[in-house]
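**Q** Read top to bottom, the protein sequences are chains V and G. Going by my numbering, the first sequence opens with residue 1, and the numbers climb by one from there. Going by my numbering, the second sequence opens with residue 1, and the numbers climb by one from there.
Keep in mind the hints are simulated off the structure, nothing from the lab. None of these values were measured; they are calculated from a predicted model. Hints may be right or wrong, so weigh each one.
Quick list of simulated restraints, FRET-style, between CB atoms [what the hints assert, rightly or not]:
#1 58/G / 69/V: 33 to 43 angstroms
#2 99/G / 64/V: 50 to 60 angstroms
#3 69/V / 55/G: 41 to 51 angstroms
#4 83/G / 36/V: 30 to 40 angstroms
#5 57/G / 34/V: 13 to 23 angstroms
With a straight-line cut-off of 27 angstroms between C-alpha atoms, the simulated DSS-like cross-links for lysine-lysine are [said to hold, decoys possible]:
#6 26/V / 98/G
#7 70/V / 50/G
#8 95/G / 58/V
#9 83/G / 80/V
#10 57/G / 74/V
#11 70/V / 29/V
#12 98/G / 73/V
#13 30/G / 98/G
#14 80/V / 26/V
#15 98/G / 35/V
#16 30/G / 58/V
#17 36/G / 58/V
#18 58/V / 56/G
#19 80/V / 35/V
#20 109/G / 35/V
#21 98/G / 34/V
#22 34/V / 95/G
#23 74/V / 36/G
#24 50/G / 34/V
#25 95/G / 29/V
#26 50/G / 35/V
#27 73/V / 36/G
#28 73/V / 95/G
#29 98/G / 70/V
#30 50/G / 30/G
#31 57/G / 58/V
#32 80/V / 57/G
#33 74/V / 29/V
#34 56/G / 80/V
#35 109/G / 74/V
#36 56/G / 30/G
#37 58/V / 58/G
#38 109/G / 57/G
No residue lacks a Cβ here, since even glycine has one placed at the ideal position from N, Cα and C.
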Amino acid sequence: MSNIIHAQNPGQGEVRYLVPIVIEDKKQKFCRFKKFRLLHVDYKNPEFLTQFLNEQGKILPRRITGNSLKFQKKVQVAIKRARQIALLPYETDLLK
Amino acid sequence: MSSVNRYETVLILTPVLSDDQHKDTVQSYKNFLNNKGASVNYEEDWRLRKLAYPVKKKTTGYYYLLDYSGESALVSDLEVNLKRDERILRSLTVKLDKEAIAYIDQRRKEGKKLMSKQKKDKKTKTDEMLVTLPKRLVENEPISP
Chain V
1 MSNIIHAQNP GQGEVRYLVP IVIEDKKQKF CRFKKFRLLH VDYKNPEFLT QFLNEQGKIL
61 PRRITGNSLK FQKKVQVAIK RARQIALLPY ETDLLK
Chain G
1 MSSVNRYETV LILTPVLSDD QHKDTVQSYK NFLNNKGASV NYEEDWRLRK LAYPVKKKTT
61 GYYYLLDYSG ESALVSDLEV NLKRDERILR SLTVKLDKEA IAYIDQRRKE GKKLMSKQKK
121 DKKTKTDEML VTLPKRLVEN EPISP
């Protein structure tokens, strides 16, 4: 796809691109639970759950992890349970 | 009306006690469950672990997992007892749904512990997932337990 916009009247204030703009291909996100057919999110596995946390120990949003709604909710519950029994911190620095 | 459900309780005992005292404490709760007509399906000893944050000014705790089936009325009794007990730092009781039961039974069939400290036999589905994660999420290695 060419991104060059040819101005009808050069010099009339139209935007011109000499080099085509490179648009990065967005990587298709997918729900890991669906792909690997995991049905249950275990709260007793903190190492696994840290994938869905950022460095401060906050839960990453669905738009970043790519989880489906169903499993994001399960992950959310699992992380909160893990926090209750001190397997994961509520707040921290440099978790990873 | 009460139906039989399957529950799972994680106990965190104080690290101050000796090994025998830990066993006694856990045994007392198992007896309590048996007296109430529940049956313990499975139990697992996670030994001493580091807590992610201090609880009652303790930085470590002795974890124990009990998996039992019993009537729903039993859980509130158990929780009251756990809260009154000074040997228990914290506890969490969860009702197991059918996916959780399937997961646990599968793990038990494979002979794997629900919480494994060894890093040797590492070929579960979750580990495969770690490998295939996008780079950005696993740049740094996961914390060691």
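**Q** It remains to establish, for every hint, whether it holds in the given structure.
**A** Results for each hint:
1. A hinted range of 33 to 43 angstroms holds for the C-beta pair residue 58/G and residue 69/V, which are about 38 angstroms apart.
2. Separated by about 25 angstroms at the C-beta atoms, residue 99/G and residue 64/V break the suggested range of 50 to 60 angstroms.
3. In this structure the hint that residue 69/V and residue 55/G lie 41 to 51 angstroms apart at CB is violated, the actual value being about 33 angstroms.
4. For the pair residue 83/G and residue 36/V, the supplied restraint of 30 to 40 angstroms holds, since their beta-carbon distance comes to about 38 angstroms.
5. The hinted range of 13 to 23 angstroms is not satisfied by residue 57/G and residue 34/V, whose Cβ atoms lie roughly 43 angstroms apart.
6. With a C-alpha separation of about 37 angstroms, the suggested pairing of residue 26/V with residue 98/G is violated against the 27 angstroms cut-off.
7. Distance check on the hinted pair: residue 70/V and residue 50/G sit about 31 angstroms apart at the alpha-carbon level, beyond 27 angstroms; violated.
8. Taken as a hint, the residue 95/G and residue 58/V pair is honoured in the structure, with Cα atoms around 25 angstroms apart against an allowance of 27 angstroms.
9. Proposed proximity of residue 83/G and residue 80/V is supported: the alpha carbons are some 20 angstroms apart, at most 27 angstroms.
10. Between the alpha carbons of residue 57/G and residue 74/V the distance comes to roughly 31 angstroms, so the proposed pair goes past 27 angstroms and is violated.
11. Between residue 70/V and residue 29/V the alpha-carbon distance is near 15 angstroms, which keeps this suggested pair within the 27 angstroms criterion.
12. With a CA separation close to 17 angstroms, the supplied pair residue 98/G and residue 73/V stays within the 27 angstroms bound.
13. Of the supplied pair hints, the one linking residue 30/G and residue 98/G holds, its CA atoms being roughly 24 angstroms apart against a limit of 27 angstroms.
14. Between the alpha carbons of residue 80/V and residue 26/V the distance comes to roughly 31 angstroms, so the proposed pair goes past 27 angstroms and is violated.
15. A hinted pair counts as satisfied when its Cα atoms are at most 27 angstroms apart, and residue 98/G with residue 35/V qualifies at roughly 20 angstroms.
16. Proposed proximity of residue 30/G and residue 58/V is contradicted: the alpha carbons are some 36 angstroms apart, above 27 angstroms.
17. At most 27 angstroms may separate the alpha-carbon atoms for a hinted pair to count; residue 36/G and residue 58/V exceed this at roughly 40 angstroms.
18. Taking the CA atoms of residue 58/V and residue 56/G, the gap is near 23 angstroms; set against the 27 angstroms cutoff, the hint holds.
19. With a CA separation close to 24 angstroms, the supplied pair residue 80/V and residue 35/V stays within the 27 angstroms bound.
20. At roughly 23 angstroms between alpha-carbon atoms, residue 109/G and residue 35/V fall within 27 angstroms of each other, so this suggested pair holds.
21. Using a Cα cut-off of 27 angstroms, the hinted pair residue 98/G and residue 34/V holds, with the two alpha carbons roughly 17 angstroms apart.
22. Our distance criterion of 27 angstroms between C-alpha atoms is met by residue 34/V and residue 95/G, whose separation comes to about 24 angstroms.
23. Between residue 74/V and residue 36/G the CA atoms are separated by roughly 31 angstroms; this puts the pair beyond 27 angstroms, and the hint is violated.
24. Taking the CA atoms of residue 50/G and residue 34/V, the gap is about 32 angstroms. The hint is violated against a cut of 27 angstroms.
25. Only pairs whose Cα atoms come within 27 angstroms are accepted, and residue 95/G paired with residue 29/V is rejected, the gap being roughly 32 angstroms.
26. Between residue 50/G and residue 35/V the alpha-carbon distance is near 33 angstroms, which puts this suggested pair outside the 27 angstroms criterion.
27. Between the alpha carbons of residue 73/V and residue 36/G the distance comes to roughly 34 angstroms, so the proposed pair goes past 27 angstroms and is violated.
28. Among the hinted pairs, residue 73/V with residue 95/G is consistent with the structure: their alpha-carbon atoms are about 17 angstroms apart, no more than 27 angstroms.
29. Proposed proximity of residue 98/G and residue 70/V is supported: the alpha carbons are some 16 angstroms apart, at most 27 angstroms.
30. Our distance criterion of 27 angstroms between C-alpha atoms is met by residue 50/G and residue 30/G, whose separation comes to about 25 angstroms.
31. Using a Cα cut-off of 27 angstroms, the hinted pair residue 57/G and residue 58/V holds, with the two alpha carbons roughly 24 angstroms apart.
32. Taken as a hint, the residue 80/V and residue 57/G pair is honoured in the structure, with Cα atoms around 21 angstroms apart against an allowance of 27 angstroms.
33. For the hint pairing residue 74/V with residue 29/V, the CA-to-CA distance comes to about 18 angstroms; that is within 27 angstroms, so the pair holds.
34. Distance hint between residue 56/G and residue 80/V is fulfilled; the C-alpha atoms sit about 19 angstroms from each other, no more than 27 angstroms.
35. The straight-line distance between the Cα atoms of residue 109/G and residue 74/V is roughly 24 angstroms, inside the 27 angstroms bound, and the hint therefore holds.
36. A threshold of 27 angstroms between alpha carbons decides the hint, and for residue 56/G with residue 30/G the separation of about 25 angstroms falls inside it, so the pair holds.
37. For a cut-off of 27 angstroms, the pair hint linking residue 58/V to residue 58/G stands: about 24 angstroms separates their Cα positions.
38. Note on residue 109/G and residue 57/G: the hinted pairing is violated, with a Cα-Cα distance of about 38 angstroms set against a maximum of 27 angstroms.
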